[in-house]
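Chains A and B supply the protein sequences, listed in that same order.
Once you know that position 231 of the first sequence is 231 in the numbering used here, the rest is easy, because the numbers rise by one and skip nothing.
Once you know that position 14 of the second sequence is 14 in the numbering used here, the rest is easy, because the numbers rise by one and skip nothing.
Don't read these hints as lab results, they were simulated from the structure.
Note that the Cβ used here is the ideal one computed from N, Cα and C, for glycine as well.
There could be a bad hint or two in this list.
35 Å max Cα-Cα, derived DSBU-like pairs, lysine-lysine [claimed, not checked]: (1) A:Lys-298 with B:Lys-107; (2) B:Lys-135 with A:Lys-95; (3) B:Lys-281 with A:Lys-248; (4) A:Lys-226 with A:Lys-300; (5) A:Lys-248 with B:Lys-248; (6) A:Lys-298 with A:Lys-40; (7) A:Lys-298 with A:Lys-281; (8) A:Lys-40 with B:Lys-281; (9) A:Lys-274 with A:Lys-220; (10) B:Lys-107 with A:Lys-135; (11) B:Lys-107 with B:Lys-44.
Under 8 Å between C-beta atoms, here's a sample of chain A residues computed to sit facing chain B [said to hold, decoys possible]: (12) His-160; (13) Thr-261; (14) Lys-298; (15) Leu-302.
Protein chains: 2
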Amino acid sequence: MSTLKRKEYAIGIDIGGTNTVFGLVDHRGAISYRGAVSTKKHEKIEDYIQDLYIALQPAIEQAGGIHNVEGIGVGAPNGNYYSGTIEYAPNLTWKGIIPIAELLSEKFGVPCSLTNDANAAAVGEMMYGVARGMKDFLMITLGTGVGSGIVANGQLILGHDGFAGELGHVTIIPDGRLHPGTGLRGSLEAYASATGVAATAKEFLETRPEIETKMSAYAKEDINSKVVYDCAVAGDLLAKEVYEFTGKVLGLALANFVMATSPSAIVFFGGMTKAGDFILKPTQKHMEDNLLPIFRNKVKLLFSELDEADAAILGASALVWESKL
Amino acid sequence: MSTLKRKEYAIGIDIGGTNTVFGLVDHRGAISYRGAVSTKKHEKIEDYIQDLYIALQPAIEQAGGIHNVEGIGVGAPNGNYYSGTIEYAPNLTWKGIIPIAELLSEKFGVPCSLTNDANAAAVGEMMYGVARGMKDFLMITLGTGVGSGIVANGQLILGHDGFAGELGHVTIIPDGRLHPGTGLRGSLEAYASATGVAATAKEFLETRPEIETKMSAYAKEDINSKVVYDCAVAGDLLAKEVYEFTGKVLGLALANFVMATSPSAIVFFGGMTKAGDFILKPTQKHMEDNLLPIFRNKVKLLFSELDEADAAILGASALVWESKL
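Sequences and hints are given; from them, build the entire structure.
Below, the structure written as structure tokens:
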């Protein structure tokens, strides 16, 4: 029997391109303090760390002092679990390699674990969400971009360098749509993200101007995924077809992922999940159509039930409790 | 300290569609007895087991009796590690679900572990081959078909149902070439297998009859991957282009797999590897071209160095020593 006792709290930090949100989280996943600082406004990482340090003091006070905090877990774009560094994140102000885990650990005097935001979400889902008890599942975040976390044998797949799980960037349509951020063509993210949905809607409007649609009431630059959703809800056929097409690409991609790691479920998270059955039904149909028979009708497609704002914090904090990913 | 001592030998059995090969293997991976029986000629599984039992007696005798054998490891198409059953293997005589591990275990009186042939090869490669010491790698078998085994965090990825690692069946070219065995279109196996190479050569000959090529000396039904190889070695440009095209599809597929699990190496195994640089160079180029920058120039492409006949036996026997996959 071990004489070591885990401390009561962990701090979860989710670093986004615009804002950083954080929370004080206990073992059961209850968040007892929430806060936020701007990510974008700090050009220097040192200023950002200092701002975060100040903003977190009330949380630490509420915990009864830093000695009651087991550690800090951070989810960040291009966050590397092995090195504790954020590496060349295109959406962050700080360029190059940022040793964020070391900086935070030194500043706060507690251990700090880092992984990328989608991996953090997968860990959160496994500990507190719909994936509780699952040993093999995929987490797919459908937001401005498409992120993913792969869990197999009960462990997060990090890869030899910590960068595994970039399913948003796999090629689904060779020589397909250009992704302006990566320069790659036909990637999942170019179609199945909010940005991709808007691009599909614009393409449909341009190439099929004869079709009557509520979307034509909008200026081209105002077409976004929310417009597509609102029009689909209002019964617009072309808007529904945008989701049908998106689901075709996403379903094909999911079939590929399923035949690779054979998960029991795929958990969706992020703004695009608001589209509900508009996106889920075609996705499920095309996934099943592209699977070998031995994989069919086995994989559950689930929506995350975690509150969107909380999930990121929970996922990051869960890194602290998961001593071995 | 444990008082348990592992026995000296394991039996490795590789069940192929035509033949079954087996061997007596020690801890260091030395095969001291080799044998084979026909798979195809036994319509009844009981007859097959009996034949295998008789054929293995000299091996067991050489081990000094079955009490010196730790167990039997079996690699078989559609072999399921969790259930110990071969399920609906299209290339085997026995249909439906075959409880092969139970049948062998009862017959021989030792434990029996089963997995699919490509997974067995991955385990063999990790224990005795070029992947020794690697915790994250992919094994791709390029033979009549395309098989695969995924190792991450030092463990074989089996998935929730034991069927993970079917990378040969992922769709690379949507609405592409029909795979007559699966009915799916555009799968990796439809292009990057020996069968796929022959199909590409036939397509090229048909659609570009104006091009001078040594391959046109062959009747269409005689075109196979060996003909393509021989012509490429003799400097034939169209035959080389067949490999270039195959490498383009394979490279694109590998890029997708790399961005999923970020392996340190991809190990190729099987008849197609004889094509050497003809296939390796275009594969590497197209893989790199389709990767995000953070993954580039990191993944080693390696050919298995295990003797082809032995590798299957070694891989299967390694299942016995690997108590936890």
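Outcome of the hint check:
1. A:Lys-298 with B:Lys-107: 33 Å, holds
2. B:Lys-135 with A:Lys-95: 30 Å, holds
3. B:Lys-281 with A:Lys-248: Within the cut-off at roughly 33 Å; holds.
4. A:Lys-226 with A:Lys-300: Holds, because 26 Å separates the two Cα atoms, which is no more than 35 Å.
5. A:Lys-248 with B:Lys-248: 24 Å, holds
6. A:Lys-298 with A:Lys-40: 43 Å, violated
7. A:Lys-298 with A:Lys-281: 16 Å, holds
8. A:Lys-40 with B:Lys-281: 43 Å, violated
9. A:Lys-274 with A:Lys-220: 23 Å, holds
10. B:Lys-107 with A:Lys-135: Holds. Lys-107 (chain B) to Lys-135 (chain A) sits at ~33 Å (cutoff 35 Å).
11. B:Lys-107 with B:Lys-44: 15 Å, holds
12. His-160: Nearest chain B Cβ about 4 Å off; hint holds.
13. Thr-261: Nearest chain B Cβ about 5 Å off; hint holds.
14. Lys-298: 6 Å, holds
15. Leu-302: With a closest approach of 14 Å, the Leu-302 (chain A) hint is violated.
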